[in-house]
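Sequence order for the protein chains is A and B. With this note's numbering, the residue at position 268 of the first sequence is 268, and numbering never jumps. With this note's numbering, the residue at position 16 of the second sequence is 305, and numbering never jumps.
If you're looking for bench data, these hints aren't it; they were derived computationally from the structure. Please note that the accuracy of each hint is not assured.
Unchecked claim - Here are a few chain A residues that face chain B, going by a calculated C-beta distance under 8 Å:
no.: 1; residue: Val66
no.: 2; residue: Val105
no.: 3; residue: Ile253
no.: 4; residue: Val270
Each residue gets a CB set at the ideal place from its N, CA and C atoms; glycine is no exception.
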Amino acid sequence: MTTITTTAAPGGMRRRAASFLHRHAGVRLSLLLSAPLAWLGLAYLGALAALFVTAFWSADVFTGDVVKVFTWANFTDLVTGEVYRTITLRSLGVAAAVTLIDLVVAFPMAFAMAKLASPRAQRWLVIAVLTPLWASYLVKAYAWRVMLSADGLLGWGYGLTATVVTLSYLWLPYMILPIYAGLERLPNSLLDAAADLGARPWRTFRTVVWPLTFPAVVAGSIFTFSLSLGDYITVKIVGGKTQLIGNVVYDNIGAANNLPFAAAVATVPVVIMLIYLAAVRRTGALENL
Amino acid sequence: MNLSRTSKILLRAALVAGLAVIYVPLAVVLLNSFNSDRTFAWPPAGFTLHWWSAAWDSSGLRDALWTSIRAGLGATAIALVLGTMAAFAVQRYRFFGREAVSLVIVLPIALPGIVTGIALSNTFHTVLGVPLGLLTVIVGHATFCVVTVYNNVLARLRRMGLNLEEASADLGADTFTTFRLVTFPMMRSALLAGGLLAFALSFDEIIVTTFTAGAGVRTLPIWIFENLFRPNQAPVVNVVAAALILVSVIPIYIAQRLSGGDPHTH
Numbered sequence: 001m002t003t004i005t006t007t008a009a010p011g012g013m014r015r016r017a018a019s020f021l022h023r024h025a026g027v028r029l030s031l032l033l034s035a036p037l038a039w040l041g042l043a044y045l046g047a048l049a050a051l052f053v054t055a056f057w058s059a060d061v062f063t064g065d066v067v068k069v070f071t072w073a074n075f076t077d078l079v080t081g082e083v084y085r086t087i088t089l090r091s092l093g094v095a096a097a098v099t100l101i102d103l104v105v106a107f108p109m110a111f112a113m114a115k116l117a118s119p120r121a122q123r124w125l126v127i128a129v130l131t132p133l134w135a136s137y138l139v140k141a142y143a144w145r146v147m148l149s150a151d152g153l154l155g156w157g158y159g160l161t162a163t164v165v166t167l168s169y170l171w172l173p174y175m176i177l178p179i180y181a182g183l184e185r186l187p188n189s190l191l192d193a194a195a196d197l198g199a200r201p202w203r204t205f206r207t208v209v210w211p212l213t214f215p216a217v218v219a220g221s222i223f224t225f226s227l228s229l230g231d232y233i234t235v236k237i238v239g240g241k242t243q244l245i246g247n248v249v250y251d252n253i254g255a256a257n258n259l260p261f262a263a264a265v266a267t268v269p270v271v272i273m274l275i276y277l278a279a280v281r282r283t284g285a286l287e288n289l
Numbered sequence: 290m291n292l293s294r295t296s297k298i299l300l301r302a303a304l305v306a307g308l309a310v311i312y313v314p315l316a317v318v319l320l321n322s323f324n325s326d327r328t329f330a331w332p333p334a335g336f337t338l339h340w341w342s343a344a345w346d347s348s349g350l351r352d353a354l355w356t357s358i359r360a361g362l363g364a365t366a367i368a369l370v371l372g373t374m375a376a377f378a379v380q381r382y383r384f385f386g387r388e389a390v391s392l393v394i395v396l397p398i399a400l401p402g403i404v405t406g407i408a409l410s411n412t413f414h415t416v417l418g419v420p421l422g423l424l425t426v427i428v429g430h431a432t433f434c435v436v437t438v439y440n441n442v443l444a445r446l447r448r449m450g451l452n453l454e455e456a457s458a459d460l461g462a463d464t465f466t467t468f469r470l471v472t473f474p475m476m477r478s479a480l481l482a483g484g485l486l487a488f489a490l491s492f493d494e495i496i497v498t499t500f501t502a503g504a505g506v507r508t509l510p511i512w513i514f515e516n517l518f519r520p521n522q523a524p525v526v527n528v529v530a531a532a533l534i535l536v537s538v539i540p541i542y543i544a545q546r547l548s549g550g551d552p553h554t555h
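Here chain A stands alone, though its shape is the one from the complex (with noise of 0.2 Å):
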């Protein structure tokens, strides 16, 4: 290592930094770490933690502009509001009915890809249902206004049903594609030992497929769940007058110009998926992300 270090031919400096650097995990360490970590520690992680203060100060009632003094107005507002407790209450219904939608019928798609279908017609399978994801998301949420709209091809017309339907509808392949790769690992020697030991397809889809693809339909659910809550955009689409907490966090900054508030209300869906992520953490459901 040293004799090359020593030799001070053209380019010798190349030569150095790397020698320098193949010596040195440290330093190659800090170097690789570096960007990524301002941008995503320093920066993005400093943003939120500046919105999470912002969510502590008030908005002047007249000029909009934000108040940098410490109050809980905001969460008090938050938790006496009968509107608020309404709408996070009808979110949390949202993201629970899509997940429990796309589970019912994720499942059953999902076993047929991977125990019923050839390895040919699998691999072909999975592209079926990636591909919608490839789509634009604004552009399938569209197709679900014209199918709904009045004269449309369903004419069921918009509200809450509406967006329940179409955010299933979206989130459909992130429920299916976790559960198809738990149950590919499912070995079927296992559900050929049930059936040996004179278990019924009903008791061993209970006893030996359902604990044991488990954790893949917690990954699924962390999706559903979790882009459910988030959402206001399809809510515009197709959900006709229906508020969610998205757009009580849209309409505070734009029309009622109250960031401290909007902030507020954004910590809903934070502490919701935070909470949901720990509930689930056992599961072993994160590594199957």
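Given chain A's structure and the hints, the job is docking chain B onto it.
Just chain B, lined up with the frame of chain A:
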């Protein structure tokens, strides 16, 4: 397994029905782009190519498309650099806070978009005093795009192992030469896959964009959303939607080519 014939048929039927539900709405959009009736009443009244040519001539649409492409390329470039650096650090080294690095990379996509959106716009606005524009959109998009490159490169590094790089060093190549001739060529398809995902993510994003774009910056999703509720523009919006569905086949094709026999690396 001892599934009865009936349950097998039912499961297969569920799969077919599910796929039908996934594709029918997309098909409706495609069909409607040729529908001569501007309210899209079902069934279509007649065939026309008029909306396609109207969309082609719309300058607002063309500007929005160009803005989206620039934002996507900018965000992808940043995500490629940051994601690769972070993946190398996490995969090749053991250090305190390693788990935290992975978490902070996933966080922008795990949190609701609206939270990331207002956190960034608040920082640009009140903390930094930067005027909102295309640059702030790129910064916002890059923040949540890093994770796609990171995941792809991480998976590739895990599979690659260290043998070839060590062999290269033993044969006398220095750190940079090894990277250029050994490491980078082996990572190329992972970078392409990650970059493709990052671009697609950025191209489709609307929530973070809404909060980080200034008044003058209009990406394609923002243009679509603005025109969605204007009855006059509905047919043109529909053509854009149809075109986006058709164009989405390209990345799928590339992704499939890249992943070769393994459909799980996405």
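Q) Honestly, which of those hints from before does the structure not fit? A) none
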